[in-house]
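Protein sequences, first through last, are from chains P and U.
Quick note on numbering: numbering that gives the first Met the number 0 labels position 106 of the first sequence as 105, and the sequence is numbered without any gaps.
Quick note on numbering: numbering that gives the first Met the number 0 labels position 8 of the second sequence as 7, and the sequence is numbered without any gaps.
What the hints contain is simulated information worked out from the structure, not anything from laboratory work.
Every residue, glycine too, gets a C-beta built ideally from N, C-alpha and C.
Errors might be hidden in some of the hints.
[Said to hold, decoys possible] Simulated DEER-style distance windows between Cβ atoms:
1) 55/P / 146/U: 22 to 30 angstroms
2) 97/U / 54/P: 31 to 39 angstroms
3) 58/P / 96/U: 43 to 51 angstroms
[Claimed, not checked] Among chain P residues calculated to face chain U with C-beta under 7 angstroms, some are:
4) 12
5) 30
6) 34
7) 65
Residue strings, one per chain:
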Amino acid sequence: MIPLSYYLALSAILFTMGALGVLIRRNALIVFMSIELMLNAANLAFVAFARSFEQTTGQPVFTGQLFVFFVIAVAAAEVAVGLALIVAIFRTKHSIDVDQLSSLKG
Amino acid sequence: MDLTLILFFVLAITAVATAVGLLVSRSAVYAALFLVLNFACVAVFYLILGAPFVAMAQVTVYAGAIMVLFLFVIMLLGAEKLPRAKVLPWQRPLAIAAAAVLLAEAGFLLFERARSSSLLALPGAEANTMDSLREMAMMLFNQYLLPFEVTSILLLVAMVGAIVLTKQVKGEAKS
Numbered sequence: 000m001i002p003l004s005y006y007l008a009l010s011a012i013l014f015t016m017g018a019l020g021v022l023i024r025r026n027a028l029i030v031f032m033s034i035e036l037m038l039n040a041a042n043l044a045f046v047a048f049a050r051s052f053e054q055t056t057g058q059p060v061f062t063g064q065l066f067v068f069f070v071i072a073v074a075a076a077e078v079a080v081g082l083a084l085i086v087a088i089f090r091t092k093h094s095i096d097v098d099q100l101s102s103l104k105g
Numbered sequence: 000m001d002l003t004l005i006l007f008f009v010l011a012i013t014a015v016a017t018a019v020g021l022l023v024s025r026s027a028v029y030a031a032l033f034l035v036l037n038f039a040c041v042a043v044f045y046l047i048l049g050a051p052f053v054a055m056a057q058v059t060v061y062a063g064a065i066m067v068l069f070l071f072v073i074m075l076l077g078a079e080k081l082p083r084a085k086v087l088p089w090q091r092p093l094a095i096a097a098a099a100v101l102l103a104e105a106g107f108l109l110f111e112r113a114r115s116s117s118l119l120a121l122p123g124a125e126a127n128t129m130d131s132l133r134e135m136a137m138m139l140f141n142q143y144l145l146p147f148e149v150t151s152i153l154l155l156v157a158m159v160g161a162i163v164l165t166k167q168v169k170g171e172a173k174s
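Just chain P, with the same shape it has in the complex (with noise of 0.2 angstroms):
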């Protein structure tokens, strides 16, 4: 029996763990990562949200469990657009660090 708190608590800390990655590292490609783990994060709550609404009512709920898999859908379709734009933008700038990355203007 593990309270749904601990859950809540749990995502949190990795969700404020993926905000200070984003804060803090200059890589890009870290900082996607950070991104990652802030979705990882909220779904992990979506699904204890999901288990704890199935005990209450008794029987079982697919809704939370199915906007988790959308939510992995789109997380896939955003690393593969951001990723290009990653290797796009190292072609031109020949560097990822984000501090690099101030003009607009190739």
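Following the hints, put chain U in place on chain P, whose structure we already have.
Frame of chain P, contents of chain U only:
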């Protein structure tokens, strides 16, 4: 202290430790491998929460496909040996303070609602049968058919977009 609680804490500590590893590791490859371990821990949490399909999707899509893509790009760009950039002196303390505020806010909300928090039991055997998967698929293809189709279009757009973005235009390939 029962066994599921011990399992929870071991997994939670591993997940948080790998997240910290992602934050502090110098090499992008190590960061990616830490993230794979983190995704695996979260997949086990999904199993404990009675969501076997989501757990398997997590392992195949996240820990499998997405992280392989990440590692591939890291190797392609040679980004694993990025030189140490100069950091703004005030940035790191400010970021840590902001993160602490975010965490405190989440903790405050959590303990405000702690009284209404429910205990989550381990799922019974019925959660891991084919019946539950079938029921979920019925829901996906009836009630959520439109979002499912929109997702397929989204994946197609992402695929085309990735190809267009990385395509070398003739003439400026040498730039």
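Taking the hints in turn, this is what the structure says about them:
1. 55/P / 146/U: 22 to 30 angstroms: 25 angstroms, holds
2. 97/U / 54/P: 31 to 39 angstroms: 35 angstroms, holds
3. 58/P / 96/U: 43 to 51 angstroms: Check passed, 45 angstroms falls within 43 to 51 angstroms.
4. 12: Holds, because the Cβ-Cβ distance from residue 12/P to chain U comes to roughly 6 angstroms (cut-off 7 angstroms).
5. 30: 10 angstroms, violated
6. 34: Because about 11 angstroms separates residue 34/P from the closest Cβ in chain U, which is outside the 7 angstroms limit, the hint is violated.
7. 65: 6 angstroms, holds
Going through the hint list in order, the structure does not satisfy hints 5, 6.
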